[in-house]
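On the provided structure of chain E, position chains A, P and G as indicated by the hints.
4 protein chains.
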Amino acid sequence: MIMNKNIKVGIIGGSGFTGMELVKILSRHKYVEISFATSRIYKNLLVSEVFPSYQDNGDMKLAFTCQPEKGNLEKIDLIFLCLPPLKSMEFLKCIYGNYKFKIIDVGSDFRLKSSDDYKYWYGTEHILKEKLSDFVYGLTEINKDKIKKSKYIANPGCYPVSILLGLAPVLKSNIKIKDINIDSKSGVSGAGRKLKDEYLFGSLNNNFYAYSAEGHRHTGEIEQEIENIGGKKYRVSFTPHLLPMTRGIFTSIYCKLGEEKTEEQICSLFENFYKCSPFVKFMGKRIPQLKDVVGTNMCLIGFCLDVRTDTLKIFSVIDNLLKGAAGQAVQNMNIMMGFDEKEGLQFNGIFS
Amino acid sequence: MIMNKNIKVGIIGGSGFTGMELVKILSRHKYVEISFATSRIYKNLLVSEVFPSYQDNGDMKLAFTCQPEKGNLEKIDLIFLCLPPLKSMEFLKCIYGNYKFKIIDVGSDFRLKSSDDYKYWYGTEHILKEKLSDFVYGLTEINKDKIKKSKYIANPGCYPVSILLGLAPVLKSNIKIKDINIDSKSGVSGAGRKLKDEYLFGSLNNNFYAYSAEGHRHTGEIEQEIENIGGKKYRVSFTPHLLPMTRGIFTSIYCKLGEEKTEEQICSLFENFYKCSPFVKFMGKRIPQLKDVVGTNMCLIGFCLDVRTDTLKIFSVIDNLLKGAAGQAVQNMNIMMGFDEKEGLQFNGIFS
Amino acid sequence: MIMNKNIKVGIIGGSGFTGMELVKILSRHKYVEISFATSRIYKNLLVSEVFPSYQDNGDMKLAFTCQPEKGNLEKIDLIFLCLPPLKSMEFLKCIYGNYKFKIIDVGSDFRLKSSDDYKYWYGTEHILKEKLSDFVYGLTEINKDKIKKSKYIANPGCYPVSILLGLAPVLKSNIKIKDINIDSKSGVSGAGRKLKDEYLFGSLNNNFYAYSAEGHRHTGEIEQEIENIGGKKYRVSFTPHLLPMTRGIFTSIYCKLGEEKTEEQICSLFENFYKCSPFVKFMGKRIPQLKDVVGTNMCLIGFCLDVRTDTLKIFSVIDNLLKGAAGQAVQNMNIMMGFDEKEGLQFNGIFS
Amino acid sequence: MIMNKNIKVGIIGGSGFTGMELVKILSRHKYVEISFATSRIYKNLLVSEVFPSYQDNGDMKLAFTCQPEKGNLEKIDLIFLCLPPLKSMEFLKCIYGNYKFKIIDVGSDFRLKSSDDYKYWYGTEHILKEKLSDFVYGLTEINKDKIKKSKYIANPGCYPVSILLGLAPVLKSNIKIKDINIDSKSGVSGAGRKLKDEYLFGSLNNNFYAYSAEGHRHTGEIEQEIENIGGKKYRVSFTPHLLPMTRGIFTSIYCKLGEEKTEEQICSLFENFYKCSPFVKFMGKRIPQLKDVVGTNMCLIGFCLDVRTDTLKIFSVIDNLLKGAAGQAVQNMNIMMGFDEKEGLQFNGIFS
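Protein chains in written order, with this note's numbering: chain E, 40 to 391; chain A, 40 to 391; chain P, 40 to 391; chain G, 40 to 391.
This is chain E alone, in the form it adopts within the complex (with noise of 0.2 Å):
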């Protein structure tokens, strides 16, 4: 390790789940010193006050602030925002331009490339709309080398993460596919740390729905890659459910096949897909569960052939917290940095 590698970042939005994870991972990164952390919740507080189990690096104490201090933002090399939908663009309308900083939107404000898409999905006007096509989207297995050059990253949202990486593979391959329905079962900490009733544990402990059926907002962001990913438009039917666990995203990709196509075939064609993502794992047709993944960076993937249907059954699993956000948000830097793409990001998680 040579020690004039090291950046120096800083986080906006430390209190949500995704900043504490983003905390947690850069302190124990061997290339990263964090600048700052805000939290309006936790200002002054020292980050072991508010976990315990936190183990700060050497001397050095983190302490939360409110805001980011203006000779801080000169300071750092790349910047992770980990806000609620419209407060990234606020954030960064008074000073986009105005810092050398690499930015990695955790939040949802950038990922959508059409501003009609984004009003249509958000129900709103988008702020900074001529800098959407400034900001690549981060999913690294698929857009790697575009990150590598970017300066700009919107992260994808937890649930496209799963999504789009069981589809990938066949939405690349020339496969037949005449309809796509998703039924995905997400963690409750997806959902952030919302004081509502609903979110109480007698509201969930031991209960199970579905929510948004009529339309996720996520929808847009999958259909948009969809497309960018196979050059084909799919409108796809997409209903998200919550799960009595506090991590996880268990995705069920229903794809109703054009046209036959062996176990074989399907097998070869994840293989080579993800024979270079070292936080993607196919598993042929062994179906993975959700505790395989809390607690680690990994993506598994495992499908299944309904003949009887044409039906081709995707499985795929993610840490929503992990790589649905801020893993995947490090793997991001570790590519745009130059770094190994696995480090800091290889977690044991608790499959025992």
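Just so you know, these hints were derived from the structure itself, not from any lab.
Identical copies go unnamed one by one, so any copy, or any two together, can satisfy a pair.
With a straight-line cut-off of 25 Å between C-alpha atoms, the simulated PhoX-like cross-links for lysine-lysine are:
id, residue 1, residue 2
1, K324, K235
2, K217, K295
3, K132, K47
4, K272, K217
5, K381, K190
6, K217, K271
7, K100, K324
8, K295, K272
9, K82, K235
10, K114, K188
11, K170, K183
12, K69, K187
Just chains A, P and G now, with coordinates in the frame of chain E:
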């Protein structure tokens, strides 16, 4: 209550989840006396020893027995069979026609009406083929009149209950359906009480996954009854998943429509269909939640019309051990015996 | 059932966990008609809208109201108060003595008999001091005769129910106890329905911790009743903990004995004490489990004699919302009104 | 990193929860190469097949073997034994002294120093009595100097780790303690991976209970080390309970004090004691929570002084599989080998 309205029943297989629920329900039923309940695991133990909160009815203390005695078989009015696949037909083969009692087979042996279908889905020859047609498919809301007149009932499987109740109003109407895709999520008790590594707490807690994705046995039963209800054959894609919960099934049904329908039309369809069904409640566009039915005999149904993809999404929830098994069986008994359909089945649930 | 035996009741505070359980229990009670149930959150909503599986009794549809009307207060025979600390006495201060109805205060305002104790444990002056002695402490198994004759009942706290039922037989005997140490573990619903970060699913799932370790308010109530039962004062160490479950209390009581006792002596003590108590079951040396009581009105008690340390360990379990609150309240109502003590309270529970 | 600092280790019993955690930890340890890991269940399977998210180190793919080969035993520097009671001594009896490797017995065979104690608590004769004194009790924070010089380590039990770390500062001081009562609550993985009805998901979900209340085997180990630490004998009442969680131990220690102490005195006692212990964090009067340690090697400790009853309440939490087993074992290895005590053990945990 006129005392001589009372009937005597027997339960074969009282130590499985379903058998045990039956013992509980029937011990509180106004018009029922349990003559015997068999259980290999619990034989000679009092029910109140096995389940400490069980309260015996007055002085009569119910103990599990190993096998039913001939004398007991002669006295009872109705028998419930709560046995694993193949075991109900083996039991009945020896005694078929020897006794006057009515039969409710809570197991899976007499649900499929074609012995070819049986062989396809269960992988073995049926040993009482000629009796398959004696058994009425016991989904009360659909077959109430037949059940009333029948001596033998094949109680439906837990997944089919949740699926068929969700689909029936649409199937009975003249709505054009191009494709049916079903994604069900079940609590662990659906798998029965098996001593396997995969059913240990450590294997299921904080976990979720799909299983039997290539063809769960219930598919045959679902397709058979879809045809019986609507008069039209469909091949359905059915994918069951396992929830980290003990009880409950949440089913998401995706119907690709072949014509435009309004939400009002869907609503009136369901409202009319279930207006006389005390245990099915249509909630319109409100999506039901699993915790609202756990511990009850209710099936709650909601829907959503995704006009972007012409998809009618129907969501239905049940407690797999009650409306999906033991409760459904008692509901059938009530109908067969001329009792109030609701007698013994109005549980409050655990909804706080 | 003779119809004119029916009584009319009112419920103040129907949207809390306890109030809701009361609505459920009383809607199935043979001899009770709910005249009104108030709830600020749910006002004007039907109970069956709030809780989809709730089944109205025939045509009568119960809707929550904001406040009880004077006319309604005149008609009812009994009122249940399910209110947070301080609110019961505020409510009663305005109307005390104006109406004929009996009162069961399910809240905590009238449990302590000394206004000094009240001030010590609740940190504020009691505003109806002179009425404290009007209220009988409503732990049925201990005070049945007084409850029968009483007009006003202070329903016990959930922890005290589990603790006092476990201790009573020992306290009533002449066994020498040197020290009492109590370690209780409660499901989350015990804290009521509060919108705080610490009660979110993400805060409690897979978590466990102690709270109020320096002196939980129930300590005063426990020590008062220990003295009332045994005639001897004790200072007890009481430490509550929070379980990652919705319902249930498991209490471990450690009594340091001042003399040698045999297991047989302990057994006969408990067996005699509870032989006429339908809702308490002594299980001897078998340790009770929480899942055996969730959803029931039972208290199960087991014990263990650790002769190495002269410690009598008593274990008791209840459902905090039933035997620890709403069920206990209805049991008291049954006694006060001359109904069968068990009426409306024989739930099967969720024990599979 | 100097490559020739690397050591080779073997793991006996790699399919148990502890063995598996060791494989995970050691596969990421800078200075360790796993020569072999045995497992009867998984023999010949790659670790990455058994645990899909496991990432092999470069080209070396680790596969489980049935038994260690003699050649392998000769090459290794250290062996970890993760075996059930009696099995470690059987394994060692055959080979004791034949090899140069150091031994860390993660099992329970060499913790008790008196063979009489062993017989009392384990109900059988020890077959390597004369070797008991060769093994140092491996609680790093207490015995670091001895561990450094030792060849053989008896890794402590999970309950004792949480209890002894909570008690040690008090025992080492001259505070008068009249009585020690311990109430521990453990996640299910503490029981190991046993195929029993009581460990099924349906038996443990939403459940909680005490077990081994008359004398858990760890009591002997606790009392032995209490004497070793403080020089004074105590008989402690110890009662373990089972939490509906996979991992974690929460221990509540109740010390009846024989003299008055202030909170400040207690605080400075703990702060001094643990100021150089990277894996123990004293939180003062803040009560630790289980979710703060799950997935980490930390022990968090808080306290409360109940002056009404002269009770010092100490609360400690650990992850039973890490600080309570595999993490503790690696910490000992680091000390024995002269590595940084923290190497390979700085996990972020799952604290959001």
